Amino acid sequence: MSETGAELPVTSSEEPIWAPDAYACYQGVIRGLLQANVPFAVSGGFAFHHHTGIWRTTKDLDLVTPPDAVPRAFKVLVEEGFETYVQDPVWLAKARRGDYFVDLITGVGNATLTVEQEWIDRAQIDEVLGIRCKVLSAEEMIASKLFVTRRERFDGADIAHLLKACARTLDWDRLRKLTEPHWQMLFGELVLFAYIYPARTSDIPRSVWSELIDRFRNSVFNPQPSQPFRGTLIDPRMFAIDVNEWGERDLYRELCDNYPHNLQETNTTRGKE
3 MSETGAELPV TSSEEPIWAP DAYACYQGVI RGLLQANVPF AVSGGFAFHH HTGIWRTTKD
63 LDLVTPPDAV PRAFKVLVEE GFETYVQDPV WLAKARRGDY FVDLITGVGN ATLTVEQEWI
123 DRAQIDEVLG IRCKVLSAEE MIASKLFVTR RERFDGADIA HLLKACARTL DWDRLRKLTE
183 PHWQMLFGEL VLFAYIYPAR TSDIPRSVWS ELIDRFRNSV FNPQPSQPFR GTLIDPRMFA
243 IDVNEWGERD LYRELCDNYP HNLQETNTTR GKE
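According to this note's numbering, the sequence shown is numbered sequentially starting from 3.
Among the clues, some could well be false.
With a cut-off of at most 16 Å between alpha-carbon atoms, the simulated EDC-like pairs for lysine to aspartate or glutamate come out as follows [to be verified]:
| id | residue 1 | residue 2 |
| --- | --- | --- |
| 1 | Lys166 | Asp205 |
| 2 | Lys77 | Glu267 |
| 3 | Lys147 | Asp160 |
| 4 | Lys147 | Glu182 |
Pair by pair, the computed Cβ-Cβ distance ranges are [as the list claims (entries may be wrong)]:
| id | residue 1 | residue 2 | range |
| --- | --- | --- | --- |
| 5 | Glu213 | Lys61 | 38 to 44 Å |
| 6 | Thr59 | Leu36 | 23 to 29 Å |
| 7 | Arg58 | Gly249 | 29 to 35 Å |
| 8 | Arg219 | Gln266 | 41 to 47 Å |
| 9 | Leu36 | Gln89 | 37 to 43 Å |
| 10 | Arg272 | Lys61 | 15 to 21 Å |
| 11 | Lys179 | Val222 | 20 to 26 Å |
Since the hints were derived computationally from the structure, they do not count as laboratory data.
Remember, predicted model here, so these are calculated numbers, not experimental data.
Ideal placement from N, C-alpha and C gives every residue a C-beta, glycine not left out.
Using the sequences plus the hints, can you model the full thing?
What follows is the structure, given as structure tokens:
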């Protein structure tokens with residue numbers, strides 16, 4: 003049970019039972035986006051299962067798409083009977099039809115990563131709800147989960163399972179490119195993986211371990227006074243005291259306020275929740 007008393011999801015290899023209405027609803031969304039040539043890749047629980055074999059119960063359909071494709075996606079969703087709105091201009095647009103939601107994810111919440119066309123080009127083909135479509139690649143999934151580190155949600159277990167399933171076949175150059183300049187976050191997840199799966203550390207190339215260990219050693223032994231406090235990129239609420247009372251910079255607010263890819267309200271049908 004969570005602190006609020008809500009039942010938390012349990013991972014399983016057993017596929018959830020989809021309500022017929024939900025199945026048909028999300029099929030219509032995927033078909034409509036494909037027919038309109040909207041660039042997207044399925045992410046969330048479907049992509050996680052594609053890579054790991056693990057299912058989670060979900061009521062949402064998560065899709066990644068470049069920010070400039072959201073108005074086209076909204077047009078399709080409105081035609082499918084959805085209400086559309088921008089939930090967070092940095093990274094999240096949403097659509098709702100009754101009890102069913104579609105999340106259009108265009109980046110990450112702290113403005114450190116933006117979905118680009120290359121994410122879609124690199125996506126893998128799989129069957130989702132009986133329809134062949136693109137599914138987000140493991141490298142982009144890992145990179146997009148690195149900063150899901152808040153008190154109420156932590157995606158470290160997801161990353162560990164993705165590494166367990168995919169470490170031997172990952173494009174490590176691609177993953178390192180996606181995680182710069184926040185390489186310490188990737189290194190931290192690899193250390194966590196080594197703790198969780200100590201017999202599997204050789205799944206990660208020795209060259210990756212060596213490079214990141216050397217970089218970490220150098221950064222620890224040669225700290226740069228000019229490097230700013232980065233706590234709010236992890237959790238702006240939990241590290242608010244550092245900013246509000248101790249005078250640290252708020253990189254989260256700086257990055258979000260100056261983000262160049264904010265979502266526009268084009269083709270929205272109502273305000274955010």
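Take the C-beta atom of Lys179 and the C-beta atom of Val222, compute their distance, and say whether it sits inside 20 to 26 Å. Distance hint for Lys179, Val222 holds at roughly 23 Å.
Leu36 and Thr59 - C-beta distance against the hinted 23 to 29 Å: 25 Å Cβ-Cβ, so the 23 to 29 Å window holds.
A range of 15 to 21 Å was offered for this pair. Does it hold for the Cβ distance of Arg272 and Lys61? 20 Å, holds
Is the straight-line distance between the alpha-carbon of Lys166 and that of Asp205 16 Å or less? 8 Å, holds
In this structure, is the beta-carbon distance linking Glu213 and Lys61 contained in 38 to 44 Å? 41 Å, holds
Please work out if Lys147 and Asp160 have their alpha carbons no farther apart than 16 Å. 8 Å, holds
Pair hint outcome, Lys77 versus Glu267 [Cα-Cα no greater than 16 Å]: Holds, because 12 Å separates the two Cα atoms, which is no more than 16 Å.
Pairwise hint evaluation, Glu182 against Lys147, where the allowed Cα distance is 16 Å at most: 14 Å, holds
Evaluate the given range 41 to 47 Å for the C-beta pair formed by Arg219 and Gln266. Once the Cβ atoms are compared, 45 Å apart, the range 41 to 47 Å for Gln266 and Arg219 holds.
Confirm or reject the claim that Leu36 and Gln89 have a C-beta distance inside 37 to 43 Å. Since the Cβ atoms of Leu36 and Gln89 sit about 24 Å apart, the hinted range of 37 to 43 Å is violated.
Is 29 to 35 Å right for how far apart the beta carbons of Arg58 and Gly249 are? Given range 29 to 35 Å: violated, Cβ gap about 41 Å.
Checked against the numbered hints above, the structure breaks hints 7 and 9 and satisfies the rest.
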